[in-house]
Amino acid sequence: MNPILVGALGFIFMFVLMLFRMPIGLSLGVAGLLGTVYLRGWEKAFNLMAGIPYNVASSYDMSAIPLFVIMASFLFYAEISSNLYDAGRAWLGGLKGGLAMATSVACGLFGAVCGSSIVAAITIGTVAIPEMKRFGYNSKLYTGCVAAGGTVADLIPPSMPFIFYALLTGESIGKLFIAGIIPGVIQVILFMIIPFAMCTRNPSLGPAGPRTSLKQKVVSLKGIWPTLVLFIVVIGGLYAGIFTATESAAVGAGGALLIMISMKRFTFKKFGESLLDTGKFASMAFLILLGSMIFNAFIVSTRLPNTLALWVSTLQLPAIGVLIVILAIYFILGCVMDVMAMTVLTIPIFFPIITALGYDPIWFGVIFVVMAEIGLITPPMGMNVYVITGVAKDVPMQDVFKGIFPYVGAMLLLLIALIIWPDIALVLPNVMK
Amino acid sequence: MRWLNRVDHFLDRLTFHISRSFNFVALAVVLIMILYVVSDVIMRAVFHMPRMGSIEAVNILMTVVFAWGVGWTQKVKGHIVIDLLFNKFGPGIQRVVNSAVYFICFVFMSALAWKVFLKAMEVKASNMATLSKVQPFGILPIWPFHDIVALSLAVLALVFLADFVHSLVHLPSRGGAK
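Protein chains in written order, with our numbering: chain D, 1 to 433; chain G, 434 to 611.
Since the hints were derived computationally from the structure, they do not count as laboratory data.
Certain hints may be false.
Unchecked claim - One-sided and incomplete, this derived list gives chain D residues near chain G with beta-carbon spacing under 7 Å: (1) Thr278; (2) Lys280; (3) Met284; (4) Phe286.
Said to hold, decoys possible - Chain D is nowhere near these chain G residues, computed Cβ spacing over 12 Å in every case: (5) Arg435; (6) Arg446; (7) Met482; (8) Val509; (9) Lys566.
Backbone N, C-alpha and C fix where the C-beta goes; we use that ideal spot for every residue, glycine too.
Please model the entire structure based on the sequences and the hints provided.
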């Protein structure tokens with residue numbers, strides 16, 4: 001059988017295993033192994049596979065994953081979210097839709113020290129939703145703004161999707177992190193404009209809250225300095241070339257623990273929970289990356305990615321046309337697939353195509369993460385929407401999905417801006433040390 | 434089928450204790466890694482005394498952090514799965530599918546663990562070691578860390594075996610699931 005056909009069948013088989021609820025890492029591994037056995041025989045396939053688990057487990061770049069997770073976990077249990085939200089509320093709460101705007105700011109700030117959009121959505125949602133309900137905000141608006149706001153954590157560093165992208169493509173984690181900063185800030189601004197515009201048109205959606213004095217505004221900033229200092233140390237150190245990604249994650253984890261202790265929110269129970277969450281995420285990531293490496297070894301041996309890249313380059317389609325097709329595929333996959341699964345499945349195929357077309361790999365990393373963010377809030381598999389319905393139990397899921405529509409529009413706008421002006425993402429990494 | 438119930442109970446308890454112990458070790462190593470990397474940064478940035486072999490030390494520690502929690506994560510069903518189609522099946526079909534999936538996972542993981550053990554022996558025979566001295570231990574052989582990974586995969590295989598047996602115990606009778 002033609003190796004390319006074997007590769008395509010391998011993909012189908014892997015999807016079938018996933019649909020039968022096999023863990024994603026195992027689906028990739030089993031399909032990859034059987035495909036390699038078919039192409040090279042048992043002996044060679046197993047010999048090839050034997051070195052992969054150690055190589056994945058002992059990867060230096062991967063060590064950033066558990067360290068960034070534990071940093072976010074410490075900050076989650078330190079309950080800094082209430083401080084961040086209070087600051088946002090003090091500055092913006094007096095405006096129409098101000099609490100929703102404050103939520104976006106708090107999500108951006110929390111995202112600056114947490115690499116997971118789901119954690120950001122839960123953490124900020126737990127604080128922001130009851131407050132917005134109290135002030136009579138429309139349920140679609142308040143659930144939508146939290147579910148969408150959480151996604152900013154994937155774009156503003158540290159970010160798990162960027163780490164996965166870097167591991168699969170060999171790109172620099174540091175450069176990807178830095179490339180996400182300006183688009184992340186623009187996303188926060190767009191997410192602030194949405195509730196402001198909606199509530200200016202129809203004030204009943206989000207009435208203005210009580211105004212605060214300048215003194216109250218300044219005092220509120222006291223609660224956000226630990227987050228800002230940690231972000232500056234972790235990302236600033238990375239930008240200045242003082243730390244590697246792993247080192248910045250370890251320093252961040254140590255700093256987060258100190259914040260937890262200094263805020264008198266440390267308990268051994270919380271400490272244990274943080275460790276357990278970290279262990280679970282690290283193991284989950286290990287199994288997925290292990291499976292994806294086995295599957296990638298198979299896919300590379302079928303020469304499917306190279307053939308596809310070659311085929312695309314011979315098409316009469318302009319580069320932007322190919323990019324739009326890839327983005328459309330991401331939009332569809334994002335609706336039905338988890339971010340990690342989408343990353344390990346598509347990057348090995350699309351990355352050679354993108355580089356063959358002459359696109360910048362760091363820029364594409366940012367584009368990819370924006371698409372992954374959209375996938376987190378679009379039905380039927382919008383993970384952020386699921387977690388927000390857990391926080392706002394009285395709001396039907398379809399209302400949350402309706403509430404995120406304007407935010408998806410804003411993200412598409414950001415995507416278009418990134419395509420027209422790639423420098424939005426590339427200006428900072430290009431001047432990085 | 435009383436014997437199968439006993440096997441199920443035994444495997445459940447065995448995998449619970451083994452995977453939880455492995456997980457505890459992994460979590461302790463996460464803390465050691467934070468301390469090690471932070472102290473390394475301080476030594477280098479503040480005292481201008483870079484530590485030899487710090488990258489290799491992190492690589493070695495990572496084998497425990499990443500691999501030793503996989504069994505426990507499966508025990509608490511923490512690995513990512515896609516429920517989209519599966520949830521549409523009736524309970525009987527779900528259990529049959531689960532049994533088949535767990536069995537395939539068990540076979541795959543056992544084979545992988547075995548091959549990694551063999552690889553560790555190969556690495557031992559070739560005397561492969563870290564490229565630089567890992568302070569304070571010096572040059573370290575690599576093979577024990579291959580074994581560490583193999584052991585974790587073996588524990589994961591055992592957890593899948595326990596899940597498989599558990600799903601067999603709860604398989605629907607010929608008349609269908611109740």
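Should the interface hint for Thr278(D) be scored as holding, given a Cβ-Cβ cut-off of 7 Å against chain G? holds (6 Å)
Closest CB-CB distance from Met482(G) to chain D, is it above 12 Å? holds (15 Å)
With a cut-off of 7 Å, does the beta carbon of Lys280(D) approach a beta carbon of chain G closely enough for the hint to hold? Given a least distance of 5 Å, the restraint on Lys280(D) holds.
Given a cut of 7 Å on the nearest C-beta pair, is the interface hint for Phe286(D) held or broken against chain G? holds (4 Å)
Compute the least Cβ-Cβ separation between Arg446(G) and chain D, then decide whether it is above 12 Å. holds (20 Å)
Verify that the Cβ of Lys566(G) lies farther than 12 Å from every Cβ atom of chain D, and report whether the claim holds or is violated. holds (17 Å)
Hint status (Cβ of Met284(D) to nearest Cβ of chain G, threshold 7 Å): holds (6 Å)
Please settle this one: Arg435(G) was flagged as non-interface, so is its CB more than 12 Å from every CB on chain D? holds (29 Å)
Minimum Cβ separation between Val509(G) and chain D greater than 12 Å? Val509(G) is in fact no farther than 12 Å from some Cβ atom of chain D, at 7 Å.
Against the hints set out earlier in the document, a violation occurs for number 8 only.
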